[in-house]
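Q: Residue numbers (UniProt numbering), protein chains in the order written: chain A, 1 to 202; chain B, 1 to 202.
Everything labelled a hint here was simulated from the structure, so no lab data went into it. Note that the coordinates shown come from a computational prediction; the quantities given were computed from them, not determined experimentally. Treat the hints with care, since some could be wrong.
Copies of the same chain look alike in the list, so a pair counts if it fits in one copy or across any two.
Unchecked claim - Below, in silico cross-link-like pairs of lysine-lysine (BS3-like), each with a Cα-Cα straight-line distance of 25 Å or less:
id: 1; residue 1: K113; residue 2: K80
id: 2; residue 1: K162; residue 2: K180
id: 3; residue 1: K113; residue 2: K82
id: 4; residue 1: K113; residue 2: K180
id: 5; residue 1: K180; residue 2: K82
Here is how the chains run, residue by residue.
There are 2 protein chains.
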Amino acid sequence: MTIANDALVLDAAAQDLLFREARTANTFTDEPVTDEQLQAIYDLVKYAPTAFNQQALRVVLVRSAEARERLVAQMADGNKAKTSSAPLVAILAADNEFHEELPNQLPHFPQAKEMFFSERPVREGSAAFNGALQVGYFIIGVRAAGLAAGPMTGYNAAGINKEFFADGEHSVLAVVNIGKPGEDAWFPRSPRLSYDEVVSTV
Amino acid sequence: MTIANDALVLDAAAQDLLFREARTANTFTDEPVTDEQLQAIYDLVKYAPTAFNQQALRVVLVRSAEARERLVAQMADGNKAKTSSAPLVAILAADNEFHEELPNQLPHFPQAKEMFFSERPVREGSAAFNGALQVGYFIIGVRAAGLAAGPMTGYNAAGINKEFFADGEHSVLAVVNIGKPGEDAWFPRSPRLSYDEVVSTV
C-alpha cells in the first residue's frame, strides 16, 4: 500500500489496482476468464479517446485448443510457454479498414472518411497509433477487472496476421495473456525513469 | 452516474472518473495546471507496462508564451484556438534513442539493448508503439488528477520535431491540452462500436 498523492482525485485503492500494485504476469492460475469479464472490460475502455473516434482496435479471444496451437506456433520461443498456459489469450489488432465504419462513429463530421482516410498507408499509420492507445486502455481495463495482463510483442507478426486475419486488412499490435497471477508470476519490478528524466519545460 | 458492473473490481466512481464521464475537452477554464499535478500524474502512470520496460515516452510542458507561439504555428487550423487557450499544453514524443537507458531500466537483461535495438528503424518502430501505449496511460493519468485532456494529432509533425527536438532523436506522438473543462467543452458523445463489432472468438 502506498501513500495517496493529494494531487490526484482517483482514490488510492484504484491507483494501486491499476498502476502501483498491478504487474505484468508471466504465470497464471487455472481460474477461467469469462466472456462476461471481457464484455465488462470492453464496455469500460471503449469510452477512452481515439482520433476521429476511429476505434481501430479489434480483439480476438483465442479459446479453442486448435487456435491456441496455431498462435503458440507464431510466438517467440520465450513467450510460448506462457501463451500455452494462460487461462485466456487475446490477439489485439488494428483494423486498417476502420474508415468504413467512420461515418457512423463520427456523425458530426462524416466527411472525415474521404477527407483524411482515403489512402491505405495513411489509414495504417493512424490505425497503428490509435490502436496502440487502445491497447494501453485495454491493459488498464484488464486490471480494472482484477485480472493480470501479460502483454507480448515477441512473435511473427506476418504469421499471426495470416493465420488469424485472412482478409489482409488487420495488423496485430500485441498478444495479451489474461488471468489471475500464479506462482512466481513476476520478476522484481524494474526501475522507472524519474520525472526529471522524462518531463522537461520550455 | 452509472451502475457498477459486477465483473469489475474497480469502484464505480473511479470507472466514471477515468472512462465513463471523462471526455476530450475542447475548451478549458483559466485554472492553472501545476507542476505538482504533472509530477503526480507521471509518478502514477510510469508504472504501466512497456516492452522491455523501455519507457520511450518524453513529455515537454509548454509553459512560456514564446514556446506556445512556436507550437501553435505548427498546429492544424482547427486545433490552433484550443492550443492557444488551454491552461497547459504538453508535447508527447517518443525518444528514438531510448536504448541508451535500457540496461539501467532492464537490469535482469541488459543485453537487450544490443540484441534487439542496435538498428535505428527497429528502435523507431518500437518507440512509436510503446510510446503510444504510454500516451494512452498519460491520458488516463490526467483524468486521475481530475483534469480533462484534449489529445490532438492534427499538426505538422516534422515542424514540431524540428522546433522542439533539435537533436533529431525524437518523434512527436500527440499534443495534449490539459485543464479543467470550460464552457461548451465537448460535443455530444459519439457512438462507440459494440462488443460484438470489436471482439470475436476463435
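Q: With reference to the structure, classify each hint as holding or not holding.
A: Tested hints:
For the homomeric pair K113 and K80, the shortest alpha-carbon distance between copies (22 Å) is at most 25 Å, but the shortest distance inside one copy (39 Å) is not. Taking identical chains as interchangeable, the C-alpha atoms of K162 and K180 are never at most 25 Å apart, the minima being 30 Å within one chain and 46 Å between chains. Taking the closest pair of Cα atoms, K113 and K82 come within 25 Å of each other only across two copies (23 Å); inside a single copy the shortest separation is 40 Å, beyond that limit. Proximity of K113 and K180 under a CA criterion of 25 Å is satisfied in neither setting, with 41 Å inside one chain copy and 31 Å between copies.
When the C-alpha separation of K180 and K82 is checked against a cutoff of 25 Å, the pair qualifies only within one copy, where the shortest distance is 13 Å, while the shortest distance between copies is 43 Å.
Of the numbered hints listed earlier, those contradicted by the structure are 2, 4.
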